[in-house]
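The chain contents come next:
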Amino acid sequence: MEALLRAADHDVQPALSPEQFARFCDFFYHHTGILFGESKRYFVERRVLDRIRASGSEDFRDYFALIRFDASGRELQSLVNAMTVNETYFFREDYQFAALTSDVLPYLAGLRQRPIRIWSLPCSTGEEPYSIAIAILENWNDADEHAIEIHASDIDSEVLAQARAGIYGQRSLQRLSAQLRARYFTALPGERFRLHEAIRSSIDFGPVNVVDPRSMARYRDMDVVFCRNLLIYFDDLSRRQAVEAIYESLAPGGFVFLGHSESMSRMSSLFQPRKVSDSIVYQKPLDGE
Amino acid sequence: MPLVRADRAADPSAEGHGDSGDPHALLEELYAAEASRRRAAARNLAMYPHAAPALCARLVVEPAASVRSVIFTALIGLRSDAAVQGLLPCLRSEDVALRNAAIEALGHMPDVLEPYIRSLLEDDDSDVRIFAVNVLGALAHAQAPRWLEAVLRCDPHVNVCAAAVEGLAELGDQESRSALVDLPGRFPDEPFIAFATKAALARIGTV
Amino acid sequence: MSHKRILVVDDALTVRLFYRDVLERAGFEVTEAGNGIEGLERALGDHFDLLLVDINMPLMDGYEMVRHLREDPGLHSVPVVAISTEAKDADVERAYRAGANVYMIKPVRPARLTHTAQLLTGARAS
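Top to bottom, those sequences are chains A, B and C. Numbering (the numbering used here) for the first sequence: 1 to 289. Numbering (the numbering used here) for the second sequence: 1 to 207. Numbering (the numbering used here) for the third sequence: 1 to 126.
Hints in this document: simulated from the structure, not taken from any laboratory. Hints should not be assumed to be uniformly reliable.
Per the computed footprint, the stretches of chain A lying under chain B, defined by three or more beta-carbons under 8 Å from a beta-carbon of chain B, are [said to hold, decoys possible]:
| no. | stretch |
| --- | --- |
| 1 | 20-27 |
| 2 | 181-195 |
| 3 | 259-273 |
Here are some chain A residues pointing at chain B (derived, C-beta under 8 Å) [said to hold, decoys possible]:
| no. | residue |
| --- | --- |
| 4 | A71 |
| 5 | R74 |
| 6 | D144 |
| 7 | Y247 |
| 8 | G288 |
If you anchor each label on the Cβ, the simulated ranges turn out as follows [said to hold, decoys possible]:
| no. | chain 1 | residue 1 | chain 2 | residue 2 | range |
| --- | --- | --- | --- | --- | --- |
| 9 | C | E29 | B | V4 | 28 to 38 Å |
| 10 | B | D7 | A | E58 | 53 to 63 Å |
| 11 | B | V4 | C | H47 | 38 to 48 Å |
All C-beta atoms, glycine included, are put in the ideal place defined by N, C-alpha and C.
Use the sequences and the hints to build the structure in full.
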């Protein structure tokens with residue numbers, strides 16, 4: 001019944017067969033590391049059908065041949081953009097912040113005799129670097145005994161300006177407890193909240209272009225890079241350049257956190273996967289030249 | 001307050017050195033003692049098409065994985081005939097990692113690689129033929145299925161054909177069916193071949 | 001009695017499907033990975049009684065994967081079968097030095113695969 005209803009509002013475009021759906025998900029996983037399951041079927045189908053139309057393909061078979069054999073990779077890029085959701089909010093995928101404070105920071109504290117450096121890239125409107133700051137202050141017991149630098153970068157100067165301002169709406173704070181909200185934010189008129197000055201001023205915000213080596217050269221000897229949900233948007237060449245640039249920016253033994261459904265297994269072997277309390281983190285070898 | 005602010009963004013002194021300087025100097029830097037200098041050199045040489053042979057020459061002797069990665073990226077960026085010619089010998093290397101990285105890199109250059117495919121598929125060394133088939137399997141080239149079908153019909157080596165079956169499982173179409181159906185008859189004593197061809201046929205039927 | 005769990009690491013889909021078919025018939029539970037890094041991620045994330053690792057894989061080959069595997073204290077002694085198209089002594093030695101327990105040559109035959117898996121996992125023959 002659902003399929004009929006959907007067919008009706010899609011101008012009689014047929015949905016994908018189970019085999020086509022599986023084939024598509026296989027291919028998409030192989031190319032981006034992002035795995036869609038049965039639960040995402042409507043989400044995926046909808047967007048694939050949109051792309052079939054937009055690309056002028058006759059049907060799924062035609063479209064599938066296009067994305068597999070088009071050397072330019074343009075349609076694949078459009079497809080990836082269509083498939084990925086851009087929402088950002090405080091404490092998104094916070095199990096990674098837990099891994100940071102319970103395991104990664106203590107490990108680095110034992111290793112480094114200088115400030116520990118964390119980099120949020122891209123930082124977008126600031127939710128990620130500010131979440132890292134709050135997570136550290138709230139959950140790392142030894143935080144007071146160490147100096148921690150948090151750097152945050154994005155290619156988009158507008159979002160950087162918003163990040164520096166540190167003003168957010170309800171939606172962005174949905175995962176924060178009332179306690180944390182009260183502790184770190186001031187309520188503003190119109191259901192907006194402003195992050196306290198002490199936190200805002202503790203983050204070093206700056207513009208960066210991940211595939212421009214000169215831009216990236218300003219960041220060296222980093223210990224942790226959060227690079228979540230960025231690399232999936234790149235084509236193969238740019239992705240290689242970006243991963244190599246991140247490698248360059250890290251001190252030996254430094255870590256990379258990717259997005260929840262991303263994996264280095266489709267990108268590069270420069271990093272060693274490590275299990276850290278239920279998440280996979282990638283480490284630059286300690287003897288990494 | 002453990003969080004300290006350290007401004008990186010506006011620090012011009014941290015600009016990278018070795019940025020697109022004299023190509024001759026860069027070629028020398030490819031042999032520098034520090035891996036970071038070699039990487040910077042390779043990265044900058046990526047804009048000089050004539051550097052492809054020198055990059056490939058360094059690749060073969062380069063011990064650091066991070067430098068090899070940047071060299072491969074530079075070659076992929078160049079995507080030139082010279083890059084292909086420099087990478088092809090890597091298919092014969094004893095170094096498994098180098099071989100596989102070369103296969104991957106060649107897979108990014110389908111059009112430039114095309115003129116070489118036939119001779120690779122006819123190489124005396126079955127390992128080279130397997131690697132050529134693996135490259136084909138990753139190639140975004142419309143002719144790839146036809147070349148793979150030809151392998152299935154003619155290649156005497158079971159593992160070369162097995163690799164071609166795998167390629168067709170990914171890229172095959174209706175035209176590929178007959179070559180696949182006939183393959184188990186060529187290798188009647190190999191259960192893997194019987195299974196793999198069935199699997200490939202099933203997959204072709206789904207698109 | 002719970003099933004013994006096997007991780008199959010090979011970049012070729014048809015090969016993974018083949019091993020799955022053979023091993024599931026013999027009562028094993030099979031998980032797949034498409035290259036060495038993914039294999040490491042899976043091995044770190046879950047318990048396996050046996051790993052089948054292809055040597056020729058993109059991004060991270062089998063030798064490197066097994067070496068990294070053996071560095072992890074939890075994975076130090078999980079049985080590993082290295083599988084390759086190569087038959088030269090040098091390659092076999094290399095696999096053993098990396099930490100593999102058994103070396104097999106492709107194409108693998110079902111009876112040999114099943115028997116080896118049963119032997120290395122201590123599973124009873126059905």
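Please list, smallest to largest, the hint numbers that this structure does not respect.
The structure conflicts with hints 2, 5 and 9, although it agrees with all the remaining ones.
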